[in-house]
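J.: With the working numbering as the guide, the letters of the sequence shown map in order to residues 1 to 310.
These are computed hints drawn from the structure, not numbers from a lab.
Glycine included, each C-beta is placed from N, C-alpha and C at the ideal position.
Take these hints with a grain of salt, some might be off.
Here are the computed distance ranges between Cβ atoms for each label pair [claimed, not checked]:
id : residue 1 : residue 2 : range
1  : E181      : E59       : 37 to 45 Å
2  : L26       : G62       : 19 to 27 Å
3  : Q114      : H176      : 17 to 25 Å
4  : R27       : N7        : 25 to 33 Å
5  : D157      : V239      : 38 to 46 Å
6  : S149      : N201      : 23 to 31 Å
7  : K113      : D214      : 42 to 50 Å
8  : R47       : R67       : 26 to 34 Å
9  : D63       : R117      : 30 to 38 Å
In silico DSSO-like cross-links for lysine-lysine, where the CA-CA straight-line distance does not exceed 27 Å [to be verified]:
id : residue 1 : residue 2
10 : K223      : K31
11 : K8        : K207
12 : K190      : K156
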Amino acid sequence: MRVTVENKARPCPGVERAVSMAEDALRRGKKVFAVGELIHNSREIDRLMGLGLRELTAEQLGDPRMRAEFDGACLIVRAHGETRQILTLAREAGLEILNATCPIVAHSQDVVKQHVREGWGIIIVGNPAHPEVLGLLARAGENGSIVSSVDEATQKDFEYRSLILAQSTVNPDLFHAVCRELSVRLPDLKIMDTTCRFIRNRQEDVKSFADTQDVVLVVGGKKSSNVRLLYEKACEQNVQTYRIEGPEEIDWRWFSNGERVGVTGGASTPRWQLEEIRSSLENHPIDNNPKGLKNTKGGSILWWMRKKPK
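Starting from the given sequences, assemble the full structure and let the hints guide the process.
T.: Shown next as structure tokens:
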């Protein structure tokens, strides 16, 4: 059995930027707070919290009793962006603001604000609970609405003159399907495809990679929309695809009939987590391996050899 980590698997520039900004502030001795998860990868967040990052809620941010704790501290804005309410609370609390909003998300926020000023209705295609979508909706105000499916698009009423845009990590197929549906009903619909190009390219990369493997492991945070999307795309090419967050979730029975195992990850999955999966496979006790597999190191690729029968 051969195990390969996909060469193109890496965090997106927006995630890399957010993590780098947090690490830099912590290295300078700053107290760094975030409202919720900086990125949707709980294991990477645990690593950053080990360096000193602290999470808080909106209620804690607005609590006067926390002011002493905030002295000389900063709030890092998540890669998904924040609502204006959170930013206002941070300023009132005297926190320095480090804006780690993904540039693509920041562009969408600016587009929404501009079109609201011009009197447009705003339609956001995405997950209603996702922080990026909530941030866009907050900027749209009463002009905004969220659509998460084609069925929902057929049932809602919208402003005749509306702008439609997407959560950056939403499935592009869903976005285009909703646009087709609403274009029939809203002749004055303005379409702006704000899906992330990095994620779109990664979909094709993952599909091609999955097609060359017998078993695929997609590694990433359970809350991550892009990990779910890449997992779904890999499943389209390979039914033996499994989504995991860490090595403890590996089921060794998955590999009983596979000679080629591929490991890939989402846009919020750092390379160290993929290498950790490789290491786990490499060091797994022989007695627990399916069909008595024996492992030896092979450079960047791990080769598994069947034990000779006695």
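J.: For which of the previously enumerated hints does the structure constitute a violation, in increasing order of number?
T.: Checked against the structure, no hint fails, so every one of them is satisfied.
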